[in-house]
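With the numbering used here as the guide, the letters of the sequence shown map in order to residues 433 to 1003.
Hints are computed from structural coordinates only; laboratory data are not their basis. Just so you know, not all the hints are guaranteed correct.
[To be verified] The list that follows gives simulated cross-link-like pairs (lysine-lysine, DSSO-like), each with its CA atoms no further than 27 Å apart:
#1 Lys521 x Lys592
#2 Lys991 x Lys592
#3 Lys649 x Lys991
#4 Lys441 x Lys649
#5 Lys592 x Lys649
#6 Lys932 x Lys585
#7 Lys441 x Lys493
#8 Lys649 x Lys584
#9 Lys585 x Lys977
#10 Lys982 x Lys592
#11 Lys585 x Lys493
#12 Lys982 x Lys649
#13 Lys747 x Lys737
#14 Lys991 x Lys585
#15 Lys977 x Lys991
#16 Lys842 x Lys584
None of these values were measured; they are calculated from a predicted model.
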Amino acid sequence: MLTLKDDLKDYSDRGDQLANFNVLEFSLNTYDGDELPNSDNTRGRPPNDRVSYLDNTGHGKRCRIIRTDGHESMPNVIGTWFPRNDVPKFYDFYSACMLALLRPWREIADLKHSNQTFEQAFNEFTSTANQSIMDIIANIQYPHECSDSAIKKRQQEEDKGGNHEIVSLDDIDKRFLVVDEVETDDPFGMQVMSFTQHDIDHQIAAEFSQDDRAYTKVAINIAMDHHIFEECPTVVGEWKKIIPPATMEQMVEYAELERLVKAVTKNRIGDDRREQIETQVLSIQSSMEEAPSVSEIPPADNVYKHINVLNKEQKCAHDIVASHLRATLAIRNPPQLLMIIMGPGGTGKSTLLNAITTTFEQHGAQHLLKKSAMSGVAASLIGGTTLHWLAGLPARAAPQSDNWTDSSGKEIRDRRVLNLVPASWIAIDESSMCTLDSLTLLSQVAGKVRAGEGVAMSTAPFGGLNVMLMGDFHQFPPVGNTNAALYSNPPVQNTAIVGKAIYLQFETVINLTQQWRITDFRWMEILENARQGECTREDIEEIRKLVIAKPGCEIPDFKHAPWDDVVLVTP
């Protein structure tokens, strides 16, 4: 997704070969980069064409690189959408916007002759424009037409006694920020928007972006058209009761409580030293009278009643981990366990991890299990953190030096110690998105911090930590680098080669196959075909029957089961 404003400052400095590019073409089909060094090296893929900026424009050795044909870049217009073309007092401003976007220029004066209005210049431009330009102009107006149609339909329903909320593009733009409209003498009729720091802080802290909210509003409007919410017309208003994000003061209080808990529980395996711990009273009026400790190990039959909901495959995986945990608590020093738990969606991987978590908790050993995932959303669903945050891994390219951990800041080094030293197990969910490099870096970090300061790095993978990889390799591969997945052949860099060697040591593998989420055989077949990328035409037609905005969809009666508690799926 491209942001037009990022390239606008370079547009007027473009080289003569790009003189006929308009702003949209310039932003979509080129990007800023380095000029090629003088080299006779002809190996590999030929480089993309490069066009230097005009001389003396301050770009140094930077240039514009022309994208390969067939790229899938899309424009992202920041702020309010383009003005509509059917309001007379805004039409001159609308014409100026279209000319600035679609007519090539270097200076604003190039958009029209001195004796022309913007409207006249725009009419002249469109009289000779090709069909592609005319399609873009029509598409820019289309959201306004959709908004007008939706408002008209809502108004008709309201006139008949309905009570639905009316949402327009302007509403979406203004709903989540405070906007003051000021009358001005501007001939374009522009509105002056003023924002406070509170508005900005609120927007940053918002749980959902404005785009997410806009998509949801559209979905709600479609659902209302088909009377899904007929029994509760005020459902949109109920969203305002959602639990708000934590305030800065609450985050500070939580961090202080977390620090105290970690300080008390960090070394609680072994001798009971509770009498040596001095409890502290926090400003949030919470205290800890006693440090938690590992409980006496009860017989497995008495403690594992919560696993009765698991099937045979899940119990097998659970028992492997539970047995290893009991051996650890009994200080029998069991061998390191590197384990893979695989299965398609709906086979109960999250249910299994929840059961394993409960087992650790019932042994008073929840501090031994660290749960992580490769994305923030996946991590939040299992009550964990991202793997990169947990171990302080670099977010970008993998470092090539084994000593890279020493260059990290104090905060990251302290976090690694708090997270990895007391742990015995790490669960990594959505492992299909994990790269070979990430596996190597995690092993290096864990080996370094668990060996201790001034002690040689542990030779065992992950510093001896037991690791569970959970996920489905048919799902999302690593973001932007599908060739770095754990199952792929490693490229030439050292970290990937080491990561592959570590991955091959995961020899305990459990495949979950029993489907819990879907009971309909036909839909199980569709999902399995989709998982393997082998959907048939019949599968696609069956899926389209559930898109309520499609003419061929058979709209059910949402007042009766099983449709009265239907889930509305949105982008």
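These are the hints, each one checked on the structure:
1. Lys521 x Lys592: violated, 33 Å
2. Lys991 x Lys592: holds, 20 Å
3. Lys649 x Lys991: Between Lys649 and Lys991 the Cα gap is close to 22 Å, so the pair holds against 27 Å.
4. Lys441 x Lys649: violated, 34 Å
5. Lys592 x Lys649: holds, 22 Å
6. Lys932 x Lys585: Roughly 58 Å between the alpha carbons, so the hint for Lys932 and Lys585 is violated.
7. Lys441 x Lys493: holds, 17 Å
8. Lys649 x Lys584: holds, 16 Å
9. Lys585 x Lys977: holds, 24 Å
10. Lys982 x Lys592: It holds: about 25 Å lies between the C-alpha atoms, which stays within 27 Å.
11. Lys585 x Lys493: violated, 56 Å
12. Lys982 x Lys649: Judged against 27 Å, a Cα distance of about 18 Å means the pair holds.
13. Lys747 x Lys737: holds, 12 Å
14. Lys991 x Lys585: Since the Cα atoms of Lys991 and Lys585 sit roughly 22 Å apart, the hinted pair holds (cutoff 27 Å).
15. Lys977 x Lys991: Holds - the C-alpha atoms of Lys991 and Lys977 are around 19 Å apart, at most 27 Å.
16. Lys842 x Lys584: violated, 59 Å
Checked against the numbered hints above, the structure violates hints 1, 4, 6, 11, 16; every other hint is satisfied.
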